[in-house]
Each structure stands twice: as C-alpha cells, then as structure tokens.
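*Asks:* Single-letter residue listing:
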Amino acid sequence: MIKRIERDRRRFEDIVRGRIKKDLKQHLTRGELIGRRGKELVSIPVPRIDIPRFRYGTRDTGGVGQGPGDVGTPIGGDGQPGAGGDAGGAGDAPGEHLREVELTIDELADIMGEALELPRIEPKGAESLQSIRSKYAGIKRAGPSSLRSFRRTYKEALKREIASGTYDPRRPVVVPIRDDMRYRSWAEEPKPIANAAIIYMMDVSGSMGSEQKEIVRIESFWIDTWIRKHYDGLETRYIVHDAAAREVDRETFYTTREAGGTRISSAYALAAQIVERDYPPEDWNLYFFHFSDGDNWGGGDDEKCFRLLTDRLLPVANLFGYGQVESRYGSGQFLHALEENVQAENLVLSRIEGRDGILGSIKDFLGKGK
Amino acid sequence: MPHTLTPDLRALQEQIEEHARAYGLDFFEIVYEVLDWEEINEVAAYGGYPARYPHWRFGMEYLELSRSYAYGLSKIYEMVINNDPTYAYLLAANHRVDQKLVMAHVCGHGDFFKHNFSFAHTNRKMVDEMANHAARVRRYMELHGVDEVERFLDRCLSLDNLIDYNAPHIRRRAWDEGEGEFPSTEPRKLRAKEYMDEYINPASVLEAERRRLEEARRREERFPARPERDVMLFLLEHAPLRNWERDVLGIVREEAYYFAPQGRTKIMNEGWASYWHSKIMTEKMLEPAELIDYADHHSGTMAPYPGRLNPYKLGLELWRDIEERWDKGRHGPDWEACDDFEARKRWDTGAMQGRAKIFEVRRHYNDVTFIDEFLTPEFVRRHGLFTYDYDPASKQYVISDRDFAAVKERLLFSLTNFGQPVIEVVDANHLNRGELVLAHRYEGVPLKVDLAIETLENVQALWKRPVHLETWLDDEAVVLSYDGVEHRTEVRSG
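Line by line, the protein sequences are chains X and H. Each step along the first sequence adds one to the number in the working numbering, with nothing skipped, and position 170 is 170. For any residue, its number in the working numbering is found by taking its place in the second sequence, counting from 1, and adding 1000.
Next comes chain X alone, as it looks inside the complex (with noise of 0.2 Å):
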C-alpha cells in the first residue's frame, strides 16, 4: 500500500509539474539550465502554493517584534519577514518565497514533449539494427559446473535424501550426487539497437553575436535531451564554419566566434565527409541541424549547397534541420532560397526570431517525429 502521505506529496507534485508546464517557455529558455547539465537533476523555481484567502497585506499591517533597536532601525532579513512563529501569531507574513522542485533532465524533456506535443520518435530500421544479448532464463540438467545453482541442487538432493529415507534430521547433512545437479541455462535475445548521431553545424561569421549563440546553445541542448530520449546511443559532432568549415569540439562550437564571409557549402561538405568516414547510414539515425543568420556569400554557393543537399546529405538523413536566427543585421535570403529549391520531406526550415522563437522552433524541427 502506498503510504498517505505519498500520495498527498506526489498529488502535490502533480501540480507543480503544471505549473512547470504553463512556464515552460520561461524555463526552458533560461540560459543557466544547461550550465548544471553534468547533474542529473535541474532545480527549478516555483512559487510555493498558497491557498488564496481574504486577508491583510502585510506591508500595510507591520507588526510587533522585540529586541534592540533605535525607531527607524531596520528589523533585518531581506524585508520579508517570514511566518513568525506559526499559525495567527503575531507577524505571521508568509512571504513569497520560491520553492525548488527538482526534475532529471528526461523528466523535463517529458514534460517539453507534453507541452509541445511532441510525437516520439520512430527509429528508422530499428528490426534490422540487432544485437545479441544473453540472459539467463532457467534450469537444465547440464552446464558447466561454473553455472551450478547451488539452491537448486541443494534442494534437488534434499528431496531425493527425504524421499529415499536417507535422511536424518538430527544430524542433517545432504550429499548430492550427479543426477541431483541443476544448472543455470540462458537464452540469447535479439534486442534492437537504436544509435543516432546529430551533426551540428553553425555559422560564425561575424554577423553571429552572442546572443544568437546563446539561442543556438539553449535549441541544441533541448533538440539533443529529445533525441537522446529516444536512442540508446547518441553521438555528437560540432562544425563551424565562415568561409572555410572546420569540426571542433562543443566547447568551442558555443565559444568560438570569428569574423569572415560566409560560405554554406564548406560545412555541408564537411558534414558529408564525416557521415560518409564515421556512420554508414545503414546503422545510424542521422540528424543535421545547420543555424545561421542565412547570409551567405553570393558566387554560387547557394546553388553548390542545394547539391550537397539533394546528393549527400537529405538521402541518408532522418531529419535535416536549418534554423535562421535573426541577428542585428536583420536575417538573410538563405531560409527563401531553401525554401524554393529543395524539396524534402525529411528537410525542416525554422525561423527563430529572438528567445521566445526557440519553443515553437524546436517544435518546427522536432514535431515530425522523425
């Protein structure tokens, strides 16, 4: 039985996690969340529950206190006064203060997934992806004597010793012999595997400012929690690139910000390399996810882009995510050019106008449940 109180704290609970879920936009948005990634778990702030009543603000009651102290003398705290002693008594100020309720980060990706409707996502081959697994799963009458199931023999002897009459309680002493000996058996089981590999890529020529880095750091983060509910294995690969692309490692990818022109096409050559040399489609998920302010350089390297795409990369890819970020300099021409000259099912375009743009984004990229 579920002990009372568990109930009441899990009903509690239950209500928190709405109350996450309305602010979901505010929290997901907060930068710092993915600074304790290392932890498992995520504290976040929600106002404690109080049941509303006809009452007195504090602030125009006061109160009495006792102690040292001129008149004008503040009283300490952080002009809060707390619940002063419990119930009625005087100074009885609950303030506003914030609860902590902590989550895992899956929790919270249950809860985007909830709030987003999210639909989970298919594996694709996951019944020709297979790897053999043993487990053990009964008793047999011969093994190696590694596998002896102590008990099993112990209990086999006992009955036979019982049944022949061989056994003395009084001085209880079981022998076993070669028919009474059980073994440990196992069974092997094909269990799918599911590994995926999301390739990012980001522009960071010097129309990129931090900002922008900042909403491309908080989008991966959540597009990397979804994915990576999803598969057993996930693999992560970083690219900058301005004019020339090169694959560096996350910490750089957030840092990093150069100056330059921009040209598209050296990351998506770059990102083709790689999947061709590290994951051969045929065992890997592969997820693409290109941010940029969408101003490319002109001379043709829109055009040498839309080959990549329709050659290399969307035939292998599950899904092929491009998110414009607006920056300073207004967002560029790259999202319509995309737009009119690729067509994919598996190719997602995104605008993402500022922080309050990253919801509904990572709803663009991910709400195909690919």
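FYI, nobody ran anything at the bench for these hints, they're computed from the structure. Hints are not guaranteed to be accurate.
Claimed, not checked - Ranges of calculated distance between the beta carbons of each label pair, as one might list FRET restraints:
| no. | chain 1 | residue 1 | chain 2 | residue 2 | range |
| --- | --- | --- | --- | --- | --- |
| 1 | H | Arg1067 | X | Tyr136 | 34 to 44 Å |
| 2 | X | Glu251 | H | Glu1148 | 46 to 56 Å |
| 3 | X | Gly18 | H | Glu1324 | 55 to 65 Å |
| 4 | H | Glu1457 | X | Tyr136 | 51 to 61 Å |
| 5 | H | Glu1457 | X | Lys363 | 25 to 35 Å |
We treat Cβ as the ideally placed atom computed from N, Cα and C, and that holds for glycine.
Please build the complex by placing chain H on the supplied structure of chain X, with the hints as guidance.
*Replies:* Same frame as chain X, but now just chain H:
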C-alpha cells in the same frame, strides 16, 4: 508503526505527570507515540492527526518538513493534539532530557486544552471525527473523481477563515429571540376591561411597539436579516450545492472551528506549557548532567527571532509577570495610583496570590483579553517590544514605535479576529437578482487585492450567481465584482 514507550520513558511519564498534578495541572489521559523522523514529519504534515482527508497541501507540508529536517534547518520537538485522550508524539532519536522536556511541556498543553474556555466547545473526539471526514472525502473522490473533489476542497479551504470565531459561545440568530415566522405588525394588547384599556395599554406604548414590529418586519425582508459573519455557514445553508459538496464544505467548516481556538490562544497556550516545562524540569526532573542540554534547548525554543516576537517567549514571560504581580500585590487601584518609582520598585504586599491567579487566568482568557489585561508598560519596556512597519523609501521593515499604547494596539490588532479581516454577508439578493454581497468591515488596512480577487472567484464558484465584495482600496470605497467570467472594480458611492 508506532512504538510503544520503553519502560524508561514510561517511568518518566509517570513521574512527570505526578509532579504536574501536584502543581495543580489537570489533563486528560496522555497517550504518547514514539516515531522516527520520517513518521513524525508525516504526522506533522497532517497536523498531528493520524487520518486526514487526502489533499495536496499535506504533501507540500511534508516535503517542506522533511527537506528542512534533512538540511538540519528544523526539527520537530513536540506535537500534541486537543483530544480525549490527548495524543502526543515523541521523536525517537531525541535525548532523554528532551523527552522529559517534551513530556512536561505536553502536560501544560493538556491542562490548557482541558480548562481554557476557548476549547470548551471543541470536539474531544476529533481524532475519530477527522478519520470519519477522511473516509467521507475519500468516498466522494471515488464517486466523483479526485480532481473534482480536490478542486472543490481548494475552494472551501480558500474560505475557511470566513467563520465567526465567537460563534461557539454566543447565539446570534434571530430565531433565538423566539419570534414567529411571520410576526404581525399589530401589537398585542393586554387584556383589560374597556374602561381600563387606555391605562393598561397606553397609546404611546402601543405606537412604540408597532414601530418596533414594523422595523423587525423590514429586517425580515432583507436577506440575510442581519449581516452574517459565518460566511461558510451561510453558503452551506443557501448556496446551490450538490449533496457531496455541501458535506465537504461542512467538513472544512467544522475543522476550521475546531482549529480556531488554538490560533486564538497561541501565546497563552505556548506560554503556559513553557512555564510548566520550565517549572517541572528545573524544580523536579532535571539531573545535574542534563542541565546544559536542557538550558540549550529551552533557550533555543525561547529565543526571539531576530526582531520578531516569539509566542513561546512572550507567553512565558507574561505568565511569570502575572504570577509575580499577584504574589507581590502589584495590581489594583493602590498600585495604579502610585507613581513613586522607588515605592513601586519595592512594592510587595506579600499577597502570594500568583499561583491562584494564573490558574484563574488560564481558564477565562484568550490571547486578545490576555494581552489587553496583562500587558503592562513595564513589561513592554523590560522586554524591548516595538512595532515595525514597512518603509517604502528603504524597502525594508523598520522599527516604528516603542510606545506602550502603540505596541499594545498593534498586538491586539494582529490578534483580534485572528488577525484576519472581518467579512460578512450583507445581502444575498442584491438587486433582486440573487447576487451575493459581502462586506469587508474596514479598519484602515486594505485587503491584499490579488488574493481577494482569487478568493472572490471561489465564492462565486460556490454561489453560482455574481458576487460582490465591498471593501476599500487606497482609501477609496470600492466594490470588487465577479460574475463567473470577468472581474470588475467600481468605486462605491457613500
């Protein structure tokens, strides 16, 4: 789950209760249960009652308690509930000296529960009654769904301070005056012979009586006839509720009335229990080796929060002050009239009435009358009491006054009606449209508006028709209205 008392604790209980009785304390049988900290947090979350109806706020309390215990911020020492037998809980991990302190403290509470007039009307079988409530609420949840019942409970709880705290002791209803349902406006004449009639039934008396009856009748036409302070009762009797809703509202109201006396005697009750644990421990039960621990824990409980009042401390000191004053005869006209500082300082009539006086006071007073009568200027000065107010300039609370009258007034204000605004039903058929009008008896302090608006929604949800609250905002008479869809705030004329 509950462990029975060890023989050692059992023996302590007997000794302590013997001492307590020798001092004159009188209580119901006290039943202790020893719990570990998880269990005590659970019981504490339910307010000390083993069975309460399911509600999320208990879970919230529990989380808070167990978290603050885990972080070492707080620890529950004692918990005792007003019931016959009186139930009290001991924390298994406590030291022996703490257990003694708690038991002595509990004797004080037990005596107070049994003898203070405020508790005279409380149900002494409340543990059973609460379990009964729990079973009923649980059944409604099975029938109508947890969400629906819990939502309704939230609404009821939101109104649970709208009761008439004095109701158990007085009768306010008109029918108690014995008037018939439709009083005639024709005054009754005494029987008299015709020639005596104008002497036995003088015209002026008949006229006055007629006017009185007409006034009474006009009152009848208003509904309710006179402002009803027990808003919960009014809703219970007149709101269009389903049967289970009516029952749940009744349950919440009953529990609110049961808990009310504890809120209204907090200072006295905690002070009384502290007075007696201190007396019993220091005079009878303390072993030399335990002295330091006892002093540490006692002073921990008595410490004033920085700049704030501790009801334990205030109560304890007031009780001691009363005892001393009556022992030395420092009361009455002679004492009041004397303004010779030296004489007052040496004043001692050798009356030795202190003990008798405090036992009398614990029977007949509640916090309001207690403070009103026994808070003295000397006491306020000696204990450094002050009033504080919010200073908008520095955005913090600052000490505003140390004057006796100001301190007393503020203290009484925070205790009168439990420090809550008085809100009454004044009209349940507003504009002849069945709209409900509540009135806030304004005393210069406005309501917290956001909460008032949310609460009004809950009133509306019960009443179904539009509801109005007459109150004051920024020194302006206003009406807050809610019709189930939108809120309006209008300035009131007059």
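*Asks:* Tell me, which hint numbers fail for this structure?
*Replies:* Checked against the structure, no hint fails, so every one of them is satisfied.
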